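Assemble the whole structure, with the sequences as input and the hints as a guide.
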Amino acid sequence: MSYLSELDTSKQYKAKVKKTERLTPANVEEIREILLEVDNPEFQCKVDQSFGVLLEHKSDFGNSYHHRLYSVADIPERSNGKSLITMLVKRCSYVDEFSGEQYQGVSSNFLCDRREGDEITITGPFELPFKVPDDKQANIIMIGMGTGIAPFKAFIKHIYSQEKEWHGKIRLFYGAKSGLELLYLNDKDGDLTQYYDKATFEAFHALSPRPHWEDPILLDHAIEQRAEEILEMLGSTNTYIFIAGYEKVKENLDKAFINIMGSKEKWQNRKAELIAGKKWAEVIY
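Position in the sequence shown counted from 1, then plus 1, gives you this note's numbering.
Hints listed in this document are in silico derivations from the structure and should not be mistaken for laboratory results.
Relax, there's no trap hidden among the hints.
Here are the simulated lysine-lysine pairs, DSS-like style, with alpha carbons at most 27 Å apart:
| hint | residue 1 | residue 2 |
| --- | --- | --- |
| 1 | K267 | K132 |
| 2 | K251 | K170 |
| 3 | K132 | K199 |
| 4 | K91 | K15 |
Derived Cβ-Cβ restraints for the label pairs, each shown as a range:
| hint | residue 1 | residue 2 | range |
| --- | --- | --- | --- |
| 5 | S237 | R116 | 44 to 50 Å |
| 6 | K265 | N28 | 37 to 43 Å |
| 7 | T194 | N260 | 26 to 32 Å |
| 8 | N270 | K249 | 20 to 26 Å |
| 9 | E43 | E117 | 20 to 26 Å |
| 10 | Q45 | Q269 | 36 to 42 Å |
| 11 | D114 | E225 | 36 to 42 Å |
| 12 | R23 | A273 | 39 to 45 Å |
| 13 | L232 | N28 | 35 to 41 Å |
Fair warning: this is a prediction, and the values are worked out from it, not measured in the lab.
We treat Cβ as the ideally placed atom computed from N, Cα and C, and that holds for glycine.
Written as structure tokens, this is what we have:
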């Protein structure tokens, strides 16, 4: 990505793996939560920032290093001058469309293989397109897929623990292949369920009807089921929409918003207003 190549990686820090935990069971795709400790007071990462993981890797394009960005998945902490940051990593692989060969994701496999005490090199921090609005009356619609829930988990925890008297509506729509991959909203690790008693917060999830067949996750259906409320929120000038997840989900989301708004033209105009007002932000991979 050209965006990655433009980032300044000259500031590098050593981070130690303090904890690594697999959040998904062995029979589904591996997703790990990794806690890093940075023993350098210069490195300070905020909830609306990301950081890079840099590792030596020779590619066919002549590059000597591989650089990958990750959002923080929890509120960053500081203890005795050290920074503690949490990240989500999914072990990835991909099939080359020309050769048909399967390759392992460089950063994801490297990170999933790390154990407590291992050191990695990180860069940053870098700004995310998502920002917590200054207006505490603001509504936020968050739409996340897979590990795309990471920045939203951090945002939600920040809003309800650090911001005082948040009055706007916060709606989280989260998609996963199956209930086994539903992070932070299940019986085992229900970090976000603790906010269900907040008058301003609601979370909705969508799953694939046939996860083993690569059927699409019905995130658009979950959004359309809340059409009346979404339409009301879109009618407000202080509503923000944040999206994090896979490229292929964007088309279905557009269809859902078109159905909610009543026409393609109405949605295109409203989306243009959101973008112009810096109230639309997305991280797509």
